[in-house]
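If you follow the hints, you should be able to join the two separate chains into one complex; please do so.
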Amino acid sequence: MNPTWTRFNITSIVLGFAFLYLPIVLLVVFSFNASKLVTVWGGFSTKWYASLFQNQGLMDAAWVTIRVALVSASVATVLGTLAALVLTRYTRFRGRVLFTGMVFAPLVMPEVITGLSLLLLFVAVGLDRGFLTVTLAHITFSMCFVAVVVQSRLLSFDRSLEEAAMDLGAPPVKTFFQITLPVIAPAVISGWMLAFTLSLDDLVIASFASGPGATTLPMKIYSQVRLGVTPEINAACTILIAIVAIGVLAASVVNKQREVQRRRDEQAAQRG
Amino acid sequence: MTNAAASVSASIPADEEKSAGARLLSGIASRLVILVPYCWLLFFFLVPFVIVFKISLSQTAISMPPYTPALDFGAGFAGLTDALKELSFDNYVWLTEDPLYFNAYISSVVIAGISTFLTLLVGYPIAYGMARAPASLRPTLLMLVILPFWTSFLIRVYAWIGILKPEGLLNQFLMGVGVISEPLIILNTYTAIFIGIVYSYLPFMVLPLYSTLEKMDNSLIEAANDLGCTPISAFWKITFPLSLPGVIAGCLLVFIPAVGEFVIPDLLGGSQTLMIGRTLWNEFFNNRDWPVASAVATILLLVLVIPIVLFQHAQAKAQEQDR
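Chains as they are written, first to last, in the numbering used here: chain A, 1 to 272; chain B, 273 to 595.
Bound-form chain B, shown alone (with noise of 0.2 Å):
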């Protein structure tokens, strides 16, 4: 008994020790858990940003670097702020001055929005059709619409090119039903860039759009029907609206990309079409201008700032309600 009590009382301090040196050991395993990819992401992600609005400021010049002043971390204070007295905002200047950015935002804008709207009257009905589909038919319509996700996007538009081509099979086959007599022009127009990104971007709309369509309860159709209420009228009065977040995220999640496409428009749209990812690319690589890009690509982060914001927001909120 007393051996017992003894034995007792000799191991609590043994195990509080013992639980101590594990708790300091998992807090900072845990730390460490937080630290790795924060760290990472800060690094990869965030200070990158910083130097695109560092180089946007700075002036174009013949060197590599191509531009000055380049940040010397090696003089210092001093080198900070010589490097600081240099900077301009010649290149949001020269931005403003040249209509060509203005249109190149402005087309984008329209682009991505015309081709998001496309996308959802596309995708909405085959989510819908696929979340009224027989359960045991589910996932293997929901495996169907991530597959093409699963191959390259580069492939799938330039799969686009032989059909939409004046020679191409779209053409021939309309003229061989005998719908036309000349090829229609598609390829090089904003017709072919709607077409790629609804095509390239209708898993993005449809997955999530699916995702609360099948989480909604089908009594309220059925008590709607029972009252009378037309199945159109109850589609917009109860199945849409419920439907809304998943019609919220589908839309920002192809709008957002969409507004900076450089494939796409670079395939398909020819060089009379006009996009800012194009523009991006071209001042870096055929015109060497490391600024004027890193000017470009402050502003389009700009315009996309409320979008991005509204998806993280509508993420969280998912997630929230996942809990």
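For reference, chain A alone in the conformation it holds in the complex (with noise of 0.2 Å):
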């Protein structure tokens, strides 16, 4: 035990994730209130939940947020991981402070100054808002989380693996993929997940950039918040935070899963 962890350690992280769970908990507890009251409670209820899925608007409004959420984070995923490469790869070539800078600035961009200024470029193209300008957003922000993420495991990558196997003639194109693309592979995974995430809260740049047809369950539930709070919501939200923590969870199990087996391979490796 680290002598150091004293009282006043554990007591700032208990209070700390009280603090950022308490409301979670919370949201996720009255979605079960049968009173139609949100902030009392009235017995235990699932009929939010039933009324939720009769909600036509609400379903709509789910399955375009699920498509734009699919293909946004998978084509961000694949520009996100190149621009990793770039970053990490090619150290010298014209243009890269820019580049380096139009990666990073997208991350702490205020969303109003991003959604508006795609907004105008939509308009200046003459693309009507709509499902594919969502998803061209999304990916456009997106892919500079997806970036970030591949960036930081590739920069602990050995890269004599690389260099082995290019010395022993694999193109540069194979060796990506036969070497880079497996050890980079989890961070990869979750630069998809992050994205979709990102795209699945994302409220301000998609209220910027879809039109009619395209409405995202952001907008649905930011316009039904706006009217007041009800446990209909609460019972939205606790479905996306379900779907959330099941996907985070299940992706750190399999992570764990693939550590062990990868021990065990160099354990079996060590003793052959």
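Everything labelled a hint here was simulated from the structure, so no lab data went into it. Ideal Cβ positions, reconstructed from N, Cα and C, are used throughout, including at glycine. Be a bit skeptical, because a hint or two may be false.
[Said to hold, decoys possible] Far from chain A by the CB rule (all over 10 Å, computed), these chain B residues:
no., residue
1, Leu313
2, Gly448
3, Ile458
4, Leu514
5, Ile578
[To be verified] Quick look at which bits of chain A chain B covers, simulated, 3 or more residues with Cβ under 8 Å:
no., region
6, 25-34
7, 79-92
Given below as structure tokens:
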């Protein structure tokens, strides 16, 4: 046990995590409230979930959101991985400073600016606002998050593996798919998941970039929240939280299993 | 022997030819690797800013798109010069004449600054506690900090409405315990915005702090203690200065997006609170004044340019150290 792990440290962690999780827990608990008042407990009920699934507008929005998230996360993962490769492997080319800037700036750029600027671009080139424009907007900001996640894995990557493959005559493209990609795969997968949830969550950029017929779930939730807090929205939020939590837990279990398998392989290799 | 020599000499040019072809192919491939993300970001990130600036110089009009001059690419160079002649800085003059905008910028920067400081106050002990935790526990703690980041921003802000309302859970709890007799008015005040920002951006502060604190060499503190330094002065003389890169990164990650924040002031701040992200949103969606919204965005970007450059500098430095 670390001697500096004091009571103060434990207290601050416990309080910090209580602060982080209590609001979410309360939200979930009150989605099972029988009373229509969100803050007064009136007994256990799942009726809000039933009424949720009969809310056609909400269901349509959910379907749009999932399609946008699937497409944008997949494209963003490809582009973000390429960008990460550029950041770590191509240290000298013209315009590198600009490129680094364009990858990191969207991470902190206020969403209202990104949203407005993308909308004005779509109007300027005459693209009708809808499914496509929301997807393009989501690809653009989430690819930068993917790039950062993958880049940190590439930086800790043992380059001698790649060099060995190239020395043995493997062309760079083949080296990438046979050596680099399998090693960075966990980072690429978590980059995809991050892009997926970013797209699932986004309200501001989607509001700017979307048009009629492409209302996403956060836009729908937002317009209902403005009218007041309802248990039905709590139920919708609970389902979203559950999907994300299951996804993250599944990913961490898979990661842990891969880790165990890798360690077993290494031990077997040493013994053999 | 001669056969072998012949085959060797024959194989060399063939090999070179192949490698030349492969080199050409890999040259194209590596150029594509750079070009594809580069062009994407140029077109979808940089070009839009140029358009925002251009439209901020246009006039509002009742048409679609609601501004003139609409740059007509079909008209060629003449169209471009015509469009340029009609541009003006009227929208910027308008922004300086109406104190609403100036106040909104100032209050956004102040709110973001105070919130960033509060987030640091809340986040530092958490990151410190995590970094001092037993090594076996750290991955779990790290995961627990990241997990809320994966759940929707909108949902996490929404959750606070039910807590902070006058008849909400916090007031019910405090009145039930007997601390207060009248409900506290928190929702629709600046306090609610502070709580919302600290809560939503806490992981962004904790993660960089944790990664610098975790790397720190404990023997430095032990040496200070051995030499008679009190734990508190050891913290201020050693731990805090060494964690400064994390402090700077965390503060910038919170401050920059918080200045332009829309969802938190809109849902928790009510109509009385003033923040520039909301002003921009209202100009665009309620007043349908695209040129003024663009001018607001341009100025906001200018306000944020220095912190953003600082952030990139810090990122680049961290990357160099990792290499």
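Against the structure, the hints:
no. : hint   : in the structure
1   : Leu313 : violated (4 Å)
2   : Gly448 : holds (12 Å)
3   : Ile458 : holds (14 Å)
4   : Leu514 : holds (15 Å)
5   : Ile578 : holds (12 Å)
6   : 25-34  : holds (count 3)
7   : 79-92  : holds (count 8)
Checked against the numbered hints above, the structure breaks only hint 1 and satisfies the rest.
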